[in-house]
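Undergrad: If you follow the hints, you should be able to join the two separate chains into one complex; please do so.
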Amino acid sequence: MRDGLVEVLDSRLAVQARLSHGMPVLEIEAPRLGEVVRVLRDELGFDMLLDVTAVDWPGQAPRFELVWHFFATRDCQRLRLKTRVPEEAPEVDSLVAWYGAAAFMERECHDMFGIRFRGNADLRPILLYEGFVGHPLRKDYDKHHEQPLVPYRDSAPQGRQGGQP
Amino acid sequence: MNGPVVSPIANPVRSAIAPSRDDDGRLVVNIGPSHPATHGTVQIITELDGEKVLRADVHCGYLHRGFEKECEAHTWHNLIPYVDRLNYCSALINDFAYCGAVETMMGIELTPRTRMLRTLLSEYSRIADHVTCIAAGLMELGAMTAFLYLMTLRDYIYEHLADLTGARVTYSYGRIGGLARDLPAGWLKRLDEVLDEYETYIGRIHGLVDRNRIFIDRMRRVGVLTREQAISYGCTGPMLRSTGVARDIRKDTPYLAYADLDFEVPTGILGDNYDRYVVRMREMDESVHMIRQCVDLLPEGPINVDDPRCVLPEKTLVYREIESLINHFKLIIDGPRVPAGEVYYSQEGANGELGFYLVSTGEGQPWRVHCRAPSFVHMGVTHLMLQGGQLADVVPTFGSINMIGGECDR
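Chains as they are written, first to last, in this note's numbering: chain F, 7 to 171; chain E, 111 to 520.
Same shape as in the complex, but just chain E (with noise of 0.2 Å):
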């Protein structure tokens, strides 16, 4: 036999902690990266004493495809759908958050319509990701009936997004100056019966979780996260709201259409795994008191600026007259011309705070295209919150965090 010669794997990952010997009384035990609880490709190597977490050591980066890189070999539109696969749960908030920020660097007023649209989309995705994490959370506590509720909802709300769409979790909807279409016919019925649905489906979970003993029990004192620690580790979104800092963008520096729209910030006392499950819920009631309030206030009128710097020629006027060829060319080989300089623009994620930092030298490509990454600012964090509790308490924790690992990675 002349098979290939098999050498061995190098190991991508140097342990901070040393192996553990027969006779130091501790047992490092090495979870993931692909194991059934990490939903998501992270690697965290524990110490043990007992049951007991020492210490842990998180790694991640098994994910990591070069978002960045490959951002600075496309045109600014082209990139749409790659932020699409960043948070992929909630994929609509990333298309808008890094829009934004491009339309920010190019001066650009959305038109009111979708602005609102946007909104309410954005509310819409947080559900959905809010919904994944709460029930793979639930799932991994053995709560299958749970789980499979709030994936049946979930499904709803990906249809219900493929109707206007086209795809069920990757969108590429925005675009830099409005959106890819507009609604529909009927689009707003399904979505009044599927927030109904929502009441249905969330109320029941109510019934079997909040006072569920088991739940609590896995949950209330579990993977604490101190207000003090948040705030330094530069925690966002649900992670900071569970410790009681009711720090929000859409309330604190108001973007899109949230200034027009009534709702609350929730937040938790103790900062623990059942108070990042209450602050998502409550969230998502939010979420849905501002869809309707966003479907009340919907204007009608275009969805896509005026501007030809962006947004690509209507196709008839592109068949009839030279100037559109002309500018639907460059848009599409050189791309818009994005004024040159640097912007910081974020958006409140489903999991916090989505930021891009992008640098144009005023070309149709960037020269830097950045993500401060939500997900992967709270995995600097996590070894704090499993260090000192049970090993068995690493699967809700962690699932606690919804760690993305699209956008965590890159």
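Excised from the complex, chain F in its bound form (with noise of 0.2 Å):
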């Protein structure tokens, strides 16, 4: 890890980073979004946006924990950022206007668990088709449910009924 990078962070944002596996890993609140990464970007020299997910913790406040990696290409450092967002008001700002790549993957994020990027202007579906009900990678999302575009067959004498698993 670049030296210096835990003590810059913690004296710039006020935040304690810890090491998972060798990356150090940041927990902010969701409003400070924006700042921080302002500062990662533009003082700190995490220049890539790396990823954007999110885990699903049902029974847990808040519900969903967002996760970002960053990469910085000038030093080969790697860092993650999280924050929770409650299941009420599942919303983060984008990250749109500062990583292009954030627009494709915060779309994926929001198919995948109904999370609202402030500022994305396009979140349509992009893995999950136009009119899909739900989002899959939350927990309570059954695997075995079905949404079929084109409606199964029954013509088969004893044909399985469209859409039951």
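Hints are not guaranteed to be accurate.
[To be verified] Covered stretches of chain E, as calculated for chain F (at least 3 residues, CB under 8 Å):
#1 166-180
#2 332-344
#3 473-482
[As the list claims (entries may be wrong)] Covered stretches of chain E, going by a simulated chain F footprint (3 or more residues, C-beta under 8 Å):
#4 123-134
#5 357-364
#6 444-455
Hints in this document: simulated from the structure, not taken from any laboratory. Yeah, the Cβ is synthetic: ideal placement off N, Cα and C, and Gly gets one too.
TA: In structure tokens:
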């Protein structure tokens, strides 16, 4: 890990970074996202957004954990940023103004978890299809639930019933 | 006739580009998802002025099969066949990246022989993957001979990997803590022959293509990606390196045995289709160079670590002693116990950074598996590479990105 990164994060952002398998991890409050990411990108050189995803923890409050991974092309430093958003208002600021990659990744996260990214104007389905109901990677979405766009044929003599698992 | 009532199928995609009208001087053309030039199921909606692409709206997801959801319902070991089917052109790299992520969580140190073998097989897969990309790209430009040469070479590799793993494409060869089996007799001798064939066939491709006027006209300054765009849009692998950024996980933060190997990181200058072609060709040469070093350095010894948390006991012991029998059943039924926590682990896949973000609650099944798929990230920048070009350039540009549907759509 880059020398002094933890100290800079501590003094500049007043967040305590911990190491997880060699990667610094920052946990912040959701409203601070924009401020933190600006420092990460403009002052600490994290110029690449590698990944955006979420983890569902039903029964915990706040329920959804959002996870970003950043990379600094200058010195190959990596960093994980995490925050939590509640089930009632799964909303967080979009990073699309700073990282082009956020556009597609946030669309996927919106598909799968129903997280709304404020400022991302294009949250159309990307891996799912238009009209898909629900968010499949939430733990309460049944894996066997089917939503076929094209109805199953039941012309076979003992054909299976459409939509039944 | 009382046939089934056919209802119109809802359009699965809402285009960002409004349909063209007779009087607005533009034309909206839909390409794919089932189109020979999209070799993969991707849909590109283009807005044209004449033959110039004004805007492009790229849609993926037609191959989405709920990989991440499915992973949450299986033991850590049972996911290996699934990760094979992400980037099916270089399935071994997926195996090793996934296993590497789980091993990081479990704190497992691989045996020296497995470390070297995984390195060797990763580079071998990289050649197969790059060959596929270049072959398909050339075929779409009409270079059928080059395509057949490259497919011949790829088939040598597939057949050779089938000797090792029992399968041509999806190998399920990685294991948490090791590999499925050791090399069969004579495998390294055949490897040497295949690498000789590589030099013959790739030499022919260089002769056919490199200075071919048609090829250069279709590739040079087409599909240009700037360095700033590549970084902002999270491009990795040959896409990023073609713009001149020499970032390669194998070099920057070496994993497996890459620290022991001598190799270069080829880069491009312009970030156009031609540079991506050259970077891939040069990378394959480096891979051959690395494979030969791996063969020389390959140590003897066991391939699986001695760790009952994840490695199945010897079959003879399972039949003879109760502890091994219980261990075997526990590993099969409950799965390996991975300590609670999270990890992001990435390897340099053929297309770029292939990362796995895993979350464990200490059970035999993962709580969350997320794959950072380079193809998906690259689809997010594709529209920029297409806009401003010709409609015909969509085909070679898309081909040079090497989008793999299984990995992109998961």
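Undergrad: Run every hint past the structure and note whether it holds.
TA: Structure-based check of all given hints:
no., hint, in the structure
1, 166-180, "holds (count 8)"
2, 332-344, "holds (count 5)"
3, 473-482, "holds (count 4)"
4, 123-134, "holds (count 3)"
5, 357-364, "holds (count 3)"
6, 444-455, "holds (count 5)"
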